[in-house]
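Visitor: So you can see what is in the structure, the chains are spelled out below.
Number of protein chains: 2
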Amino acid sequence: MRGERELFDRTAHLFGSATDIACAANTLYTWAASRPGTGVRPVPDLQGRRARKIYLPSVLLNAAGVEHLRLLRELGAQIRITEREINETIILDGRLAILAAEVTPDGRSYTVLSRPDLVNGISSLFEAAWRSSTDLAAFETRYAELRRHTPRLLDLLLSGCTDETAARTMGVGLRTYRRYVAELMAALGATSRFQAGARAKEAGLL
Amino acid sequence: MRGERELFDRTAHLFGSATDIACAANTLYTWAASRPGTGVRPVPDLQGRRARKIYLPSVLLNAAGVEHLRLLRELGAQIRITEREINETIILDGRLAILAAEVTPDGRSYTVLSRPDLVNGISSLFEAAWRSSTDLAAFETRYAELRRHTPRLLDLLLSGCTDETAARTMGVGLRTYRRYVAELMAALGATSRFQAGARAKEAGLL
DNA sequence: CCCGGATTGGCAGGAAGCTGCCACCTGGCA
DNA sequence: TGCCAGGTGGCAGCTTCCTGCCAATCCGGG
Numbered sequence: 001m002r003g004e005r006e007l008f009d010r011t012a013h014l015f016g017s018a019t020d021i022a023c024a025a026n027t028l029y030t031w032a033a034s035r036p037g038t039g040v041r042p043v044p045d046l047q048g049r050r051a052r053k054i055y056l057p058s059v060l061l062n063a064a065g066v067e068h069l070r071l072l073r074e075l076g077a078q079i080r081i082t083e084r085e086i087n088e089t090i091i092l093d094g095r096l097a098i099l100a101a102e103v104t105p106d107g108r109s110y111t112v113l114s115r116p117d118l119v120n121g122i123s124s125l126f127e128a129a130w131r132s133s134t135d136l137a138a139f140e141t142r143y144a145e146l147r148r149h150t151p152r153l154l155d156l157l158l159s160g161c162t163d164e165t166a167a168r169t170m171g172v173g174l175r176t177y178r179r180y181v182a183e184l185m186a187a188l189g190a191t192s193r194f195q196a197g198a199r200a201k202e203a204g205l206l
Numbered sequence: 001m002r003g004e005r006e007l008f009d010r011t012a013h014l015f016g017s018a019t020d021i022a023c024a025a026n027t028l029y030t031w032a033a034s035r036p037g038t039g040v041r042p043v044p045d046l047q048g049r050r051a052r053k054i055y056l057p058s059v060l061l062n063a064a065g066v067e068h069l070r071l072l073r074e075l076g077a078q079i080r081i082t083e084r085e086i087n088e089t090i091i092l093d094g095r096l097a098i099l100a101a102e103v104t105p106d107g108r109s110y111t112v113l114s115r116p117d118l119v120n121g122i123s124s125l126f127e128a129a130w131r132s133s134t135d136l137a138a139f140e141t142r143y144a145e146l147r148r149h150t151p152r153l154l155d156l157l158l159s160g161c162t163d164e165t166a167a168r169t170m171g172v173g174l175r176t177y178r179r180y181v182a183e184l185m186a187a188l189g190a191t192s193r194f195q196a197g198a199r200a201k202e203a204g205l206l
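Protein chains in written order, with my numbering: chain A, 1 to 206; chain B, 1 to 206.
One or more hints might be untrue.
Since the list can't tell identical chains apart, any single copy or any two copies may satisfy a pair.
[Said to hold, decoys possible] Distance condition first, Cα-Cα at most 20 Å in a straight line; then the derived DMTMM-like pairs of lysine to aspartate or glutamate:
(1) Lys201 / Glu164
(2) Lys201 / Glu85
(3) Lys201 / Asp9
(4) Lys201 / Asp93
(5) Lys201 / Asp20
(6) Lys201 / Glu74
(7) Lys201 / Asp135
(8) Lys201 / Glu127
(9) Lys201 / Glu102
(10) Lys201 / Asp117
Note that these hints are calculated values from the structure, not bench results.
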């Protein structure tokens with residue numbers, strides 16, 4: 001299955017009837033429930049249903065992401081954050097799994113699985129990831145500070161200047177600037193600056 | 001104007017009638033003539049018309065890009081490469097200019113200008129960029145070698161490992177690996193690895 | 001007013017990355 | 001065979017980046 005649109009059209013009814021939704025996502029700009037193209041994204045009604053979501057810390061780096069997560073939480077979703085890379089996955093009622101594959105020029109492609117053994121395997125992986133991840137609340141405070149610096153930080157990193165000039169531009173010590181960068185990279189789960197650049201772009205922060 | 005689709009729908013007839021097309025682009029996956037979504041992109045018929053295009057070297061980093069450029073050239077387009085950053089721009093018959101703006105979640109937005117003074121100013125900027133850029137042929141040979149290494153190189157850079165391990169993985173000396181990286185960065189017009197990562201992502205190389 | 005926690009930023013030492021230089025292969029080509 | 005051109009990779013010296021340590025500073029609560 002290719003492209004968010006097709007996925008959305010063909011699985012909307014499944015989301016409507018599912019009572020247990022488990023979802024792992026890297027960015028907000030994916031999946032049926034949070035399609036780009038609309039300012040305020042449609043959020044499913046979660047009355048009497050269980051929804052669990054795992055995100056990477058990078059969604060906490062911009063205000064819009066935090067806002068969206070808060071909204072989801074108010075609607076009753078359980079949200080956790082993991083620092084380890086995770087494949088985009090949805091599991092519905094432990095009976096249906098949707099896995100995202102590579103992003104191609106014409107959009108991302110998805111695979112929908114319903115074979116019980118496969119879905120069970122994927123479910124157990126999700127459960128493990130869920131157990132090893134941390135509740136949103138714990139991360140919110142930690143990232144509030146970092147989020148303040150992030151926009152300028154990203155601009156400077158993207159400009160390709162040295163840390164020295166970047167620090168001066170921000171009016172901050174070299175040590176502090178590098179601390180910011182290190183924190184940002186941790187939030188992106190990156191261990192090199194190249195990786196950080198690619199992930200920042202991927203996360204839509206640039 | 002928002003999104004490639006709208007731009008395409010509303011300007012297709014202009015492209016059809018224009019006899020002098022000047023175009024500066026950063027990637028192949030933009031603009032009406034090369035919309036994503038189709039494997040083989042529709043290429044306009046250039047019979048008896050003048051088409052000039054300026055690209056960044058990064059389009060030469062994957063085989064598909066080279067292929068596309070060759071095709072365009074065979075159709076009669078003049079293609080040049082510039083190493084300096086350039087804003088995406090189209091000028092039709094010196095009378096109409098289309099400028100691309102920021103990429104937003106719902107697609108890129110475009111501005112269409114027809115005021116003669118503005119279009120003249122933009123045209124002269126394009127002419128300057130055209131004069132200072134180099135013909136495709138000169139770059140093709142230079143990048144043929146680099147292109148061979150690029151995929152593995154990008155994988156390794158994206159993995160976040162050190163140059164040392166990356167070099168070992170590639171079965172190549174540290175000095176050579178770093179030479180490759182330096183060449184890649186030059187091709188991307190990047191002066192820091194963070195920038196390189198972001199641009200590689202942007203150029204669709206990851 | 002003082003205290004404790006948080007943020008800052010200098011310093012130092014080390015790790016990683018960058019690049020000019022040059023010697024060494026290897027594969028054409030006369 | 002001799003020569004040339006281009007890719008390779010070690011080395012050295014340099015820059016940039018990373019981080020633990022610690023003192024200085026700021027700020028809200030008691």
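Visitor: Against each hint, give a clear statement of whether it holds in the structure.
Guide: Hint check results:
Within a single copy, Lys201 and Glu164 get their C-alpha atoms no closer than 23 Å, and across copies no closer than 26 Å, so neither meets the 20 Å cut-off. In this homomeric assembly, Lys201 and Glu85 come within 20 Å of each other (Cα to Cα) both inside a single copy, at 16 Å, and across copies, at 18 Å. Within a single copy, Lys201 and Asp9 get their C-alpha atoms no closer than 27 Å, and across copies no closer than 28 Å, so neither meets the 20 Å cut-off. For the identical chains of this complex, Lys201 and Asp93 are neighbours neither inside a copy (33 Å) nor across copies (35 Å), given an alpha-carbon limit of 20 Å.
In this assembly of identical chains, Lys201 and Asp20 lie within 20 Å of each other by CA distance neither inside one copy nor across copies; the values are 32 Å within and 35 Å between. Taking the shortest Cα distances, Lys201 and Glu74 never come within 20 Å of each other, neither inside one copy (29 Å) nor across copies (34 Å). Taking the closest pair of Cα atoms, Lys201 and Asp135 never come within 20 Å of each other, the shortest separation being 25 Å inside a single copy and 30 Å across copies. Taking the shortest Cα distances, Lys201 and Glu127 never come within 20 Å of each other, neither inside one copy (29 Å) nor across copies (31 Å).
Both within a single protomer and between protomers do Lys201 and Glu102 lie at most 20 Å apart by alpha-carbon distance, with minima of 16 Å and 13 Å respectively. For the identical chains of this complex, Lys201 and Asp117 are neighbours neither inside a copy (36 Å) nor across copies (36 Å), given an alpha-carbon limit of 20 Å.
The structure fails hints 1, 3, 4, 5, 6, 7, 8, 10 (numbered hints given earlier, in ascending order).
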